[in-house]
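Taken in order, these protein sequences are the chains called A and B. End of the first sequence = 446 in this note's numbering, gap-free, step of one. End of the second sequence = 822 in this note's numbering, gap-free, step of one.
Derived by calculation from the structure, the hints in this document are not laboratory data. The structure presented is a predicted model; accordingly, all values stated were derived computationally and were not measured. Take the hints with a grain of salt, since some may be wrong.
No farther apart than 20 Å at their CA atoms in a straight line, the calculated lysine to aspartate or glutamate pairs in the DMTMM-like style are these [claimed, not checked]:
1) B:513 to B:588
2) A:431 to B:116
3) A:394 to B:71
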Amino acid sequence: MPNITALLSRAQQGDKAALDDMLPTLYEELHGLAHLYLSRERSNHTLQPTALVNEAYLRLIDQRQIDWRNRAHFLGIAAQVMRRVLLHHAEHRDALKRGGDAERVSLDEALDCLERHAVVDVRLLDAAMAKLAAEDERQARIVELRVFGGLTIQETAEVLGISDATVKREWRVARLWLRRELS
Amino acid sequence: MPVDYARVKVIVADALDVPPPSRAAFLDTRCGADAALRREVESLLSAGDLDGPFLELDQIPDRLGPYRIVSEIGSGGMGAVFAAERDDGEFEQRVAIKIIKRGLDTAAVLRRFVAERQILARLTHPNITRLLDGGTTPDGRPYFAMEYIEGEPIGDYCRAGKLSLDARIDLLIAVCDAVEYAHHNLVLHRDIKAGNILVARDGSPKLLDFGIAKLLEDDDDAQQTAVGARAWTPTAASPEQVRGEPLSTASDVYALGVLAYELLTGRAPYDVSGQPHEHVVRIVSAFMPPAPSAIADGRDSRRLRGDLDQVILKALEKSPGDRYQRAAEFAEDLRRFRLRLPVSARRGGRAYRARKFAARHKRSLAIAAVATIAIVGSVGRALYEGRVADRRFRDLRELADTFVFEFYDSIATLPGSTPARELVIRRGLEYLDRLSKDAGSDLDLKRELAQAYERIGVAQGSFHDANLGKTSDARANFEKSLALFEAVSRGRPNDPAAAADLGEAYLRMAAVTDFAGHRADAEAFDRRALDAIARTPALDSKGQLVFAMANFGLAEILASAGKIQDALETRNRSISALQVLTAKSPDDWQALHYLAQSYKRLMSLYFSQLKDNDRAAAALALAMSIDQRLAAHDPSSAVSALDLATDQGLMATIKHRAGEADASIDLMRQSIGARRAMLAVDSRNFRLRSLLAQDSGKLGTWLREQHRLLEARDAVQQGLELAAGLNPDNPDTTPILKALQTEAAATASALRARR
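The following block holds chain B by itself, in its conformation from the complex (with noise of 0.2 Å):
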């Protein structure tokens, strides 16, 4: 009977390790009695000796040059390191060789190497490595050698010997001192990161591999892209780097502020590994990390929270100009923070700091929020079964406000906030309707009453945000809103602040009715909407923005009445009042997010009704112009990241009326790929999921035409499984469904009559 070989191996395997002289001992044991086994096993042991050359290909020479190999140190993403004894007679000197991967253009390297020797050979500091030679491994690939230093991974050291905070900032202090001396001598290191940095025995850090990154970039030649993007490390590379831009000093300094995030924190600043390249260029480019000290354990994260976190993301500044120009000025806040003086990245303009400060701390808040939810709510239980009624009063108001507004609010736009979510709005809910019964007559309460019910109204479901895709029960909040609301009104009949709430009010009810389908209704809300505010002498800025709102409501029904020469003057009296209010304040995100959707909506005119793709193209065009800002304005947004992608789907529908029929293909799986990872990561956010379903059998209509049948069956396939996993009570569903059913049919028709 033949061994199974899959019991074989595991015993080779095994034995493998053992000492030879042992074997037959191991082998006693683990094949016992079977014969067999224990011959095949033994057979395949003595088949040739695994040092041999057979089938190895990257053999590693016993010799380079000069050196003796005497055992590998370790490998990274450039390659293999080893220990080598220089014993050519001359002198005895023990080496490090780095011997480069294959993929590099060896002459190119060698002859970068050839010109810059000169120049790395100089650099001698205590803290710098020295590169002594290099040349070609007879199989053709690039080496290295440099001083041999006898220490341990920075980020190891710092781990492993538990060092103070003020320890780990003296090491990066050398490490700047070091870097500043290499720009001294016209140096970039280029991959500066903590797998670089050793710390010697006596405690004193060692930078390797300098001006290493930029041998193994290709020079001017073409094909500069595709082997520079290799030299460098995701993780630590800064924005200008990873979008192939030229490098500077500043470029160091990012890399040594990714280097302090690390060791003063413990985590890197971005986990951007395995990403593509694409996303990590995103990542790098917009997205300001967490405040160090909001990672940070308990006592550095107090000792790191203002100057130090300063510090540091001032190094990690996007803009190489708004960064520390030199690595000694970043020391130098280092050492001033040591000394406990004032550091200068502190000396920015109010406005500056202000912005800053809310960038920094918004993750920091948000996770703050999740972590709280549960204790507030078991104290609110206690207060709610507690018997002092004036103070439970009190206690429930605060609290209500606490959940609905702030714990909602800073989670309402991180990615996978969903369930959080859910759970805010159900305590909520439990809290308002017992205040609501005691409201009474204060004007005061029912306002904030109203502004509650209507912010839960949309966490459930209002049809522009992310919601929980609970539309009824999301109107019946905003009932509830607009009764408070008109109460308030009533009782104050000239104040514009009550005027433009209730105009609000009715601007959400349009936008439920209009959500389900309710056209005649959706328009008698808006007029309304308009009457509320018409009915106060002057408008603040909020009611201007009801009177934007109500024509874009109006401007979207008449247009789906057919009356397109109505909806387009209606479209840009909306747009002009959102114009003025932008233009007012430029930092009314929330206005120039309007004036990007109606600009969407203007697209939509054109291409829809006057089948004017130019124009289309150009209002989206603006529309894609807001929207980049408003994401560069707020990075971490996922609203502002879905934007985009979803612009990309509808520049790709102009494209493809266009008659650009494979761009428009591309821009679409483009964007449908980047919506669908948003997707994995709040996989219940279900506006996202609908469109994506539409646009996956869009792409599977496109594809068809195209006669790429195999294609267009999996994107209508993938559409079918977005679209099984929606609200099947919400009334957008079912159209949605049938129109891929249909699309499916089609594509599995042709794909018959193709056979």
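The shape of chain A in the complex, shown without the other chains (with noise of 0.2 Å):
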């Protein structure tokens, strides 16, 4: 497995080759780690998609060598990552069902859980959002990284480097937009 901490180091040099790197073992490990949350017996934890992204974050970084301004870097891949997930899971829903293995269970749960907290289909919403990225790139962003990677305004604002304000009002015309597109 590569070093993510390395690459996310390398990355935020402006290395663009090391965010590629890092897309194929952040896939897996956020597969991996649906499968294990459940296993684990956690029955007062929801599973939901953000909690999954966090969990990634401790389980691959060393947090001894990365600053926190890289914790939201990562955390804005990762919702990159979580969104094509569940969006390719959603997609084959019906045919993995057949299969019944473990992955599906714990994929379906995360989608669920994002789908009755979030009110929304994920297929529906990832069509939305592409749709609004060709209005407003940065607003389709700033849904990607709250919805799938469970960022704070802080950490949104910190991400994109603009302003609590700036998120804050973004954020609320973006779901509206949403809102509007998806009734």
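With the hints in hand, could you dock these two chains into one complex?
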């Protein structure tokens, strides 16, 4: 497994290839974590994708070597991956159901959780976000970070290098836009 | 025509802040007659309810257990805090509820809460807010309910109230007493900071979150560092805490010291926010902050100077054993200060105090020097233009001294000081040239002038120190210096000091000529240095250093001439002399520095000539242990930090040849990263830039060998960018550029071949 901490440092220094190197590991890790989560029988937990992203961060990153900006950076990337994982799962949900394996169950849970809490169908949301991105790329990115990465307003602001106030404004309007789009 | 979304979203965002009844009027103004714009804005505003759950994952529940959430008070590193009311009919109580943010292991936090709650509930002290309850939110985040305090964060309170120094000290004493009480009950706070202390309406401080940090830290399982690292605040954490070592009451004392520093000076002792963790560790472990009195404003500064400086810095000592062991001892000294009694912090030994003094005043001296240059400069000109000739001479001499020695020295090792240094040099030279004309046969004055020219030469272009990259100017000043030292030595043939001075002047010439590539000249100057000190019957310690350094240089020249055995012998002669010197005076930092350099040269002999990786690594390890001592001795010196980073690069090179490709690449990256950070704050340090350019090229080669071509290309590109900033007059620049271009071509062709 590549050293994620090192890749992240490189990514932060502007090494674009490092980002791509990270994606497969993250993808795998998030899948695996969803599985692990369920097997641990945490009865008081609902399985949230955002919790998975955080857990992935804790597992993959040597926190002694990483600063807070890096953490936000990582979560930003992980949000992207989580969006892909869940969308992929949503699109193949029916085909996968026949398999009945643990991974399917765990991702089902994560997907259900997101859809229940966020009151949205992931496939529709993804398509709407793509449309929003055509109008306003930054707003779409904010939605991705907040919904799929579970980033706070502050963390989102840090990833995008803009102020908290701007994130708050954009986030409110983006929610309205998506709401209208999905109604 | 479609409406521009960029316009729409601004109006929508603004409209959301307008109460619904006034919105129509607001839209009249903002949309004017543009009906399409208005329609689009209104359609979005009516799309739904923003308070609803749509896309909002971290909904704050209306109730948590017996508490009804009233409003959000604030948010911080751990999570958000809410005001809440207990209204389950039993009794009414206002509480503060802290909901911990996602990413922590909820089950473990709650397990520890159950284990600790008895202890935490027992803490009843007027200056400690009580922990009342804890639980989990419906979506699985831990929360804690605490006594609700109506008050103001202590930092704001001190600023807004324009509190007197005494009043602020009294607040600190109360905080210390509360911490002592908790320590007495075997509870460490672990995260004492200004943001965790409120001042209630009656003016008494209240500590929040006692023991919470521990609940959020993982216990002894494998993930300890992962979660533990996030439970503290970088600016207030003690060295042992940032290193992840066990904490004690002295760790809380340290945090109290940080708090005292902030409240009494208005500034944090360290600004490490946003720094990578390894830098936080290095800074907090090594750097002593400037004395509080150097930071505080005028009146406070005078009161702080002396006792209070000592008291606060004692709380901030690096080693827990050097601090106050308990909060009560810290409070005791603060009380003593209030009563004008001598403080215990002052009772250290004389050597201890002297060391502390130098360490603490370094930075403030430097700041004072930069600020004074402008003033003294204009005074100097006024004097020069004045008509009182004898006074002018005396004053000029004093000024030249001041400029060249005091100011330059005090700022020389600070990163980022190059422009200030240039100014000092220019002004200093003007004075010196005037003085030289009038020197006559005054040997003392000649000696002073010689030293001053030498100093200026060093600043302009000595290879070994931070310099301004002007080697030919430097050489001219070294020659002036040498001529003056020769005159002094001729006048005082039996004086060991004069001989050592002259020897040193020859060494300077040797270094400059060597740097310019004139090996034969350099060798001759080294031998003349040895002759100069051989003239006197006895050598003083400076003479011994000249002996060591002349051999140092000769060894270098012999090695490059391929006389490896001679080089090894000469090198060892030099090392022996330096070992004697450093054994006799372990605080001779300069000799230690040269000893470290000698080991590095020895390393290079073993590495380059004898191809002995093991011996090379051993010699470098000896050098690195000295460099670490040097860095610890003077943590604010950019030179030591740079040496350590450079060592890393050398070790990378050895490892590379020993076949450890990955390790060497990682190490070189680290080394380059650390040095680039230093270059960023001192962008005109040409020596650093030149070495960095070379090492970036080297890294490129290594990456290319591993077929990591894209990374290789980036590394070489970085090298080329660095090299573009080099002084083209410097004779070393051309080969560096050439090597980088060759490497760039090699990478490019490998990339083409891959496609």
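* Take the C-alpha atoms of residue 513 of chain B and residue 588 of chain B, compute the straight-line distance between them, and say whether it is at most 20 Å. => Outside the cut-off at roughly 25 Å; violated.
* Asked: Can the restraint linking residue 394 of chain A and residue 71 of chain B be considered satisfied, given a maximum Cα separation of 20 Å?
  -> holds, 14 Å
* Pair hint outcome, residue 431 of chain A versus residue 116 of chain B [Cα-Cα no greater than 20 Å] -> Given pair residue 431 of chain A, residue 116 of chain B holds - Cα atoms ~16 Å apart, limit 20 Å.
Taken one by one, the earlier hints fail for this structure only at number 1.
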